[in-house]
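There are 2 protein chains.
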Amino acid sequence: MHISLGAHTFVMPTPVFLVGVYDDEKRPNIMTAAWGGIIGSRPPCLGVSLRPATWTHRCLMTRAGFTVSIPSAAQAAQADYAGIVSGEKENKFETLRLTPIPGEHVDAPYVAECPLALELSLRQRVEAGSHTQFVGEIMDVKIRKDCLNPDGMPDMAKINALAYSPLTREYYAVGEFAARAFAVGKTIRSLD
Amino acid sequence: MHISLGAHTFVMPTPVFLVGVYDDEKRPNIMTAAWGGIIGSRPPCLGVSLRPATWTHRCLMTRAGFTVSIPSAAQAAQADYAGIVSGEKENKFETLRLTPIPGEHVDAPYVAECPLALELSLRQRVEAGSHTQFVGEIMDVKIRKDCLNPDGMPDMAKINALAYSPLTREYYAVGEFAARAFAVGKTIRSLD
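In the order they appear, the protein sequences are chains A and B.
Here the first sequence is numbered in the numbering used here, starting from 277 and rising by one per residue.
Here the second sequence is numbered in the numbering used here, starting from 277 and rising by one per residue.
It is worth saying that the hints were derived from the structure and are not from the lab.
You may find that some hints are simply not true.
Same chains, same names: a pair is fine if it fits in one copy or spans any two.
[Said to hold, decoys possible] Straight line, CA to CA, 35 Å or less: simulated DSBU-like cross-link-like pairs of lysine-lysine:
#1 K365 to K462
#2 K302 to K462
#3 K365 to K421
#4 K302 to K365
#5 K302 to K434
#6 K462 to K434
#7 K421 to K302
#8 K434 to K365
#9 K462 to K421
#10 K434 to K421
Chain A on its own, in the form it takes in the complex (with noise of 0.2 Å):
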């Protein structure tokens, strides 16, 4: 049986991403975001949507390019505060002591700190209301070498990401192992 919460904007999980910009005066900016994911393969593409009123969006109306920095839960409060604080008013990365790396295949900086960074070319603004999707092009993951298992793959554990909940304002990490994907539904019935 359920209930009826209204027509929010919750689900769950939404994802906390640090999205690094340069401005006009290539300073570099990082600005959180929890409205966003992949919506395409191939290519592959990521959208971030953002308020107009945000410094990042203003940048990104005359920018090519873009970074997705991925915070792990251990940096809650560093990616909290990139979403409380305009990058008008102050340099974030030097507040939250970061370091901004140039991005490789986009101009657009990325924090070093964080254990995953994407690289987006930007494709496409769409309207969406309130806010402005901004649908890039993923030209590159990166991942910190302490966060890859032996066999060079992303340690999930290591990474431990975290998650939004829009509603209760809440942070929660994404460290802990629930199943193999294409696989523990076919204990259901056999697919083979």
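Based on these hints, arrange chain B on the given structure of chain A.
Frame of chain A, contents of chain B only:
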């Protein structure tokens, strides 16, 4: 120090959405999708991307509404199955012993057993290469009564939603509290 993984559709977390539709003969169907997320606040909108080859994509070319049910970690096998088998060939609600509930606001079924369900009115189809992004306005969010905390708010530990890790093809649970949003960031420096 980061190393490059290449241009993959990899980010953490991605959601595990069970997209619910009726087909032309009003048979209920669910399919699992991880490419999606919230894309705007006013109106509240969610996007989910599907490949044209899927049965749900075909249904959504003529339907005006869909649902997104959120499975809990305990439902990982059912969620995985719904992403492997096509609704053209079988009634997955029956195979998975799940109960389709007709939406209150849209003509689409949601999953009675899932902790969360969203009803969505289709507003836009955005071409995204290999996928079509279906943008729906969130008409209502429903929560299973036993997933509320004593304050009447969603209890994330009880919802215990799944996240999908694309590159490693694994599911993770999102039930471990990390920090309060719009709060923990203020430990960096006072913002009052």
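Status of K421 relative to K434 across identical chains (alpha carbons, at most 35 Å): both (11 Å within a copy, 34 Å between copies)
Within, between, both or neither: how does the pair K302, K434 come out at a Cα-Cα threshold of 35 Å? Close inside one copy (32 Å), not across copies (45 Å); limit 35 Å.
Tell me, please, which holds for K365 and K421 at an alpha-carbon limit of 35 Å: within, between, both or neither? within (33 Å within a copy, 44 Å between copies)
Alpha-carbon proximity between K365 and K462, which holds within one copy, between copies, both or neither at 35 Å: For K365 and K462, the Cα distance is within 35 Å only across copies (16 Å; inside one copy 53 Å).
For K462 vs K421, is the C-alpha pair at or below 35 Å within one copy, between two copies, both, or neither? both (33 Å within a copy, 30 Å between copies)
Alpha-carbon proximity between K434 and K365, which holds within one copy, between copies, both or neither at 35 Å: within (33 Å within a copy, 40 Å between copies)
Between K302 and K462, at a C-alpha cutoff of 35 Å, which is it: within one copy, between copies, both, or neither? Between. Shortest inter-copy distance 27 Å satisfies the 35 Å Cα cut-off; intra-copy 51 Å does not.
Have a look at K421 and K302 and pick one of within, between, both or neither, based on CA distance no larger than 35 Å. within (28 Å within a copy, 50 Å between copies)
Intra/inter-copy verdict for K302 and K365 if alpha-carbon distance must be at most 35 Å: The answer is within: 15 Å in one copy meets 35 Å, while 55 Å across copies does not.
How do K462 and K434 come out at 35 Å by Cα distance, when the copy is not named: within, between, both, or neither? both (28 Å within a copy, 25 Å between copies)
Every hint from the earlier list agrees with this structure, and none is contradicted.
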